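S.K.: Spelled out from the first residue to the last, the chains are:
Number of protein chains: 2
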Amino acid sequence: MPSPTIRRLDVASPVPADIDIANSVEPLPIADIAAELGLRPEHYDLYGKYKAKVLLSVLDELKAQQDGYYVVVGGITPTPLGEGKSTTTVGLCQALGAFLDKKVVTCLRQPSQGPTFGIKGGAAGGGYSQVIPMDEFNLHLTGDIHAITAANNLLAAAIDTRIFHENSQSDKALFNRLCPANKEGKRHFADIMFRRLTKLGVSKTDPNELTPDEIRRFARLDIDPESITWRRVMDVNDRFLRKITVGQGPEEKGMVRETGFDISVASEIMAVLALTTSLADMRERLGRMVIGNSKSGEPITADDLGVGGALTVLMKDAIHPTLMQTLEGTPVLVHAGPFANIAHGNSSIVADKIALKLVGKGGFVVTEAGFGADIGTEKFMDIKCRYSGLVPQCAIIVATIRALKMHGGGPEVVAGKPLDHAYVSENVALVEAGCINLAKHISNTRSYGVNVVVAINKFASDTEAEMKAVHSAAMAAGAFDAVVCTHHAHGGKGAVELGLAVQRACESQAEPLKFLYPLESSIKEKIESIAKFYGASGVEYSEQAEKQIEMYTKQGFSSLPICMAKTQYSFSHVPSMKGAPTGFVLPIRDVRASIGAGFIYPLVGTMSTMPGLPTRPCFYQIDVDTATGKVMGLS
Amino acid sequence: MPSPTIRRLDVASPVPADIDIANSVEPLPIADIAAELGLRPEHYDLYGKYKAKVLLSVLDELKAQQDGYYVVVGGITPTPLGEGKSTTTVGLCQALGAFLDKKVVTCLRQPSQGPTFGIKGGAAGGGYSQVIPMDEFNLHLTGDIHAITAANNLLAAAIDTRIFHENSQSDKALFNRLCPANKEGKRHFADIMFRRLTKLGVSKTDPNELTPDEIRRFARLDIDPESITWRRVMDVNDRFLRKITVGQGPEEKGMVRETGFDISVASEIMAVLALTTSLADMRERLGRMVIGNSKSGEPITADDLGVGGALTVLMKDAIHPTLMQTLEGTPVLVHAGPFANIAHGNSSIVADKIALKLVGKGGFVVTEAGFGADIGTEKFMDIKCRYSGLVPQCAIIVATIRALKMHGGGPEVVAGKPLDHAYVSENVALVEAGCINLAKHISNTRSYGVNVVVAINKFASDTEAEMKAVHSAAMAAGAFDAVVCTHHAHGGKGAVELGLAVQRACESQAEPLKFLYPLESSIKEKIESIAKFYGASGVEYSEQAEKQIEMYTKQGFSSLPICMAKTQYSFSHVPSMKGAPTGFVLPIRDVRASIGAGFIYPLVGTMSTMPGLPTRPCFYQIDVDTATGKVMGLS
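Here the protein sequences come in this chain order: A and B.
For reference, each letter of the first sequence is one residue, going 1 to 635 in UniProt numbering.
For reference, each letter of the second sequence is one residue, going 1 to 635 in UniProt numbering.
Take the hints with a grain of salt, since some may be wrong.
As the list claims (entries may be wrong) - Covered by chain B, according to a simulated footprint, are these stretches of chain A (three or more residues, beta-carbon under 8 Å):
no.	segment
1	273–283
2	309–319
To be verified - Now the in silico label distances, taken between C-beta atoms and shown as ranges:
no.	chain 1	residue 1	chain 2	residue 2	range
3	A	Asn167	B	Met607	21 to 29 Å
4	B	Ser24	A	Ser559	39 to 47 Å
5	A	Lys468	B	His188	37 to 45 Å
6	A	Lys630	B	Glu550	37 to 45 Å
7	B	Ser170	A	Lys468	47 to 55 Å
8	A	Arg216	B	Glu464	49 to 57 Å
9	A	Val15	B	Ala181	19 to 27 Å
10	A	Glu61	B	Ser425	55 to 63 Å
11	A	Glu61	B	Asp32	21 to 29 Å
12	A	Asp213	B	Thr626	30 to 38 Å
13	B	Pro418	A	Lys199	34 to 42 Å
14	B	Met632	A	Thr198	17 to 25 Å
15	B	Asp191	A	Lys468	45 to 53 Å
16	A	Pro575	B	Asp32	57 to 65 Å
Claimed, not checked - Derived coverage of chain A by chain B (criterion: at least 3 residues anywhere in the stretch with Cβ under 8 Å from a Cβ of chain B; other residues may be distant):
no.	segment
17	42–51
18	141–152
19	182–195
20	237–246
21	252–266
22	602–616
Don't read these hints as lab results, they were simulated from the structure.
Every value quoted in this text rests on a predicted model; they were computed, and no experiment measured them.
A virtual CB, placed ideally from N, CA and C, is assigned to each residue, including glycine.
I would like the entire structure built from these sequences, with the hints used as guidance.
M.R.: Take a look at the structure:
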C-alpha cells in the first residue's frame, strides 16, 4: 500500500520550468513525512513547516535495526551541461517510494548559496523530479553552511591574531595571558590546553611547574606565515576576494599577509561535516585540522590555537541532517556539500547512516556522488565508505545520449550555446563510439565488487536505436542492467523500470567491497593506483609535489586516503581528452591535505575555489512577491 | 491568576555564574509560550524546541487589537562594566509577568556572535534575569545575522564585479549582456531594471528603442571606486580584515582596491531590518541603499546594480522576530541588533509592533535602547518612533551607585581591574555629586513628553543612604519615580516595585510625543539640536564633514533623521568628561549616511566597527560536552 504522504503528479507536456513545477505543488508538513518514517517529535527539530533536522541521537535508538539497501549514483564523464545525476537520484526515489511501495530516503548534498545568484541557478533536481520547497533548498536551508562559514573564519581570525600577539610579547607575558593567575594567585590550564601539552610530551597539570623551555614551547606556536594553508571563506561568488592582502590597518602594525577567500563549501570544515560519524568524532576532527606549520616544521592544529571546542559549538546543530521531501512526497535528507575536486564531493555519512536505519531491511537509500564516477564514485568508495564502514549493494551510472555522442567524437558542447545538430538527431555510430567512456566507468565501478546499473537519462530527441546501442555496450562492459528512464518528464513513473533494476541488483549483490588501494601504501603508491584506474600510464610529480609528499610523510599523515583534485571533464587531466584516453602521464602539480577531514589531495591542474559573477547575474530576476512572500525568479 | 507558563525560581546566594543559572532551568517548549500569548501554530515557525519565528502576518490579523503600554529602557552614562540595562529589562518583565499578572513581552536586540568568542561573552541578561537557552541566544539564533552577512556581501561582490565588467566592455556589449536577445531575437528588461530606467527618466519599455545615450546611461553605472562606502562584513572578531586590498588575483587584471570588513551587525542591512515596518517596505529600503557615487556624483543604489530583489529574498525569513523566554517563563522577542553608534542601537520596530498587539490593552512591552539615554533613548525617540509611529508611555533610566560615583569624581573604572575602594564602601557625597549625570538624562528624556522612572540597579555593597540620595536627586530632576531593584539577585521578585512604578507611570501618561527636531530642518540644524541636547555650546565641522553635508543635501537626503556616532562614555565626545559637561564644542569629523535604513550619521571621533581577539580569547573555555551535546564555558 502506498504511504499516505505520497502525492500523484499531473504531468504536463512540454515540461514547464522547474520553478513553475516546484511552485505548483503544496509541500506536505514535514512532520507528516517524518511520521511516515517512524520518527516521533522528539527525534527531530522543526525549522519552519517544511524542514526538520533529524537528530543524530536517532542512530543510538535504532542501533538494533537492520540497514536497508545502499545505492550510490555516479555518472559518465559529463558535458558542461550536466547529465541529470541529481534529477535521476530524485526520480529513482520517487519511483521506489511512490510507485514500488518501498521505504526509501534520498540523500543529497546541500548546494552552495552563492552560485544561486550567479550563473548556475539552483540544484534541487529538475522537471518532475525535484526537492521542495526549492527556494529553501537553495538558500539558507537550516544554516549549516552559515555555521561552517562562522567556524572557518573564527579559526582564520585566531591564526592571524595569535601570530600578532606572539610577535609583540615575551614567552612569559604570553604564558601569563594564556594562563592568568586568579585572585588567589593560582593559575589553571584550560581543558583544551592539555591537548597541546600532551602533543608536546608535557604531562604536568600545574602551570607553575612548567620550565622556561616548556613555557616557550607551550605558549609560542611560532607559526610560519608562509606555511599557512587556512583561508577565509564566504558563501558568495566574490572573485575579488580570491587574492587579498590583510592586516593593512594601522593597529595591525604592518603585519600584512597575502591570503584569500574560498567559497564556503570549499572549507575543510564542510569535508569534516561530510565525513564525521558522531559529535565526539567531529570534535576530534575539528581539533586536529592543520592550518600550517611552525617555523620548525611541526603541523599546527586548531586545538593548538585553543579553538577546537568553539568550532564544535558553532557546528553542533549543523551535524544533524535536514529532512525535506520530493515532489511526490518521498523523504529526502540534505546534508553537507563538500567540493568534488579539492574534497570528496559526497553528502554526509551521518545522513546515510540515519537513512539506512530509517528505511530498514528491504528499504532503499539512494545517495549521489559528485562529478563523474571516476571522481565521485571512486571517492565514495575509497574515502566515504572507508570512514563509514558502509557497503553499497548497487552503483548507478547515469548516461545521456548527448554525452556519449560527445565522447564518440561529436563537436564541443558549450554551456549557453545551442547544441550542434549531431546532438539532436539520430547518430548511432557516434553513440557507439562514445560508449567507450561508459564502458570504462562500468568496469572501474565493477572493480569495487558492486553491481552496476546504467540509467539512460532520456531526452526528447534520443532514438530507440541509440538507446539500444547504449544497452548493448553497457551489458558487454559488465553492467548488471541498463535501463531507459524519463523521470524528468514523468516523475517517479518514468523511473519505475530503473527502480526494479536497482532492486534486483541490490537483492543479488554478493561480493564484498574491494577498495582500490590499502591505506598502508605510501602516498605515491596510492596516487599511482588511482592514476592507473583513470587509464594513465604513469604519474609525474612537480618539485613542489615531491616536497609536500615528503613533508606529509614525515609528519605522519601518509596513511590517509587520497582525494584527487582533477577535472571531471575527462578521465585524464586534459578536459578535451574525451572517451577513455590511455597512455597519458598524470601530472601532480601540488599536494595538499585536509588532516581533520582525513585525506591528502593532490592537485592535477588548477582548481578554482571561488566563482565569480557574470555581467548579468541571475539575481536580476530574483525578487520577493511582497504580497504573498513567495520567491520569484529562482531557477 | 498567573499564566501557566510562569516558573518560580529558587534563588541562591551568592548568585551563581550566569551559565550555571541558565543551565539549571529547563526551558518550556516555546509552543507553550506562544500559546500563552494567544498565538496559534500557523502564526509562527518553530526553529527547534525553544525558538520560534513569529510571522509578520500576525500584525494584519491583530490590526483591530489595541496596543499595550510601550516602555523603553535607557541608562545613565555607563562605566566600562555596563550598568545592567539588559538585565533590568528582563527583570522588569519577569516582575510584570510572573508577579504582577500582566501580559508582557520583552523586546531585545540579537547580540553579535563574534564577540562571544572574544572578550565580552554573551548578552542574554545576567543572574536571575536572563533569556534562555542562553547558548542559542548568543550563537546562531535563527540565522538572521547570517542572512545579513550573506546579503551584505552579495551586494559587495556585485559592486566590484560590475566595475570590472564595465571596465572591459563597450556600452553596447554591456547592454547586450544585461538585456540579452532571446531565441526570437527579442530583448526584455528585467522588472528590476525599470527602477533604474525610472530614475534616469526613461519611460520606454522596449530595450530596442533606447538611444545610444540612454543605453550608455542605463548600462554604465560608472561607479567611482574612491566613493564606495559599502564594505564587506563578517560576524567574527577579525581585526586583520579591518583594512585589506582586494582584487590581487591574476584574473582580476590589476583592478585592486583598498577596502575592509566590519562586523556583521554594523551592516546597513541590520539597520534596515531594525527600522523596516513590512516586507514591502524592506524591499524598498534594501533597493535604495546607496553604495557610493557615479563619477558624476549621482548616488548608486542596490537597485541600480539589479540586486535589491535578491537581497530581499535573502532577508525574507529574517524579517520575522524570534520568540524566546526568560528564566521565569515570560515571552521575549529577539530581533535585530544594529550598532548603537554608527546605527541607532535599538531592536526592531516589527517586533515591538507585534508585541504591542500581543499584549493588548493594559499589557506591557519593554524594549531596550543601546548605550546611555543620550544616545539610545534619543535615537529611540527621534529615529525609531518617528519611523514606527509608536508612542512610549514610560522611559526607564537605569542607574547604579557605581556609575554615579564615577560621575561624582570617583577614580577611573577599568574593565578587568579590581574596583577602587570608593566603589565598594559608602560614599554618599560622591553619589550626590554624580547625580548630575542622572539628572541631565532625566530632563533630556522628560523633554520628549514621557514619564521617566529611574531604576536603581542595586549591588551588594550599595547602602541605604546612597540609594536615598539617588531617589531625592531623581525626583528633584523631574522623575515620575525612582525605585531600587534587585532582579539580578532575585529575578522578577526583585523588580516588583519597579514594575508597579512603571505601571503607574504608564497609566498617568498624558502628553504627546515631542521630537527633538523636525525632519525638515537642515542637516546642520539637526546636528546642532542634538549637540545642544548633549550640553555642547556649539558644533565644529571638519572640511570633510562640510563636503559630505553639502553632497547629501544636493542628493536630496537632507530630510532624514540624524544618528550621532558618539562615545557612550560621556555626554560629550571626550570619554573622560564625566557628569554633565557643558560648554564643549562637538567636533564632527565626517558625515556618512545609511540611505536605505534612513538616517545620516555624523562621526564624532573614530568608531571601531571590527573588534579583535585578545591573547587568550573566551574560546579557550568553550566546548561541547559530546556525551550530552550541552555547550560548556559560555559566559
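S.K.: Run through the hints listed earlier and report the numbers of any the structure violates, in increasing order.
M.R.: none
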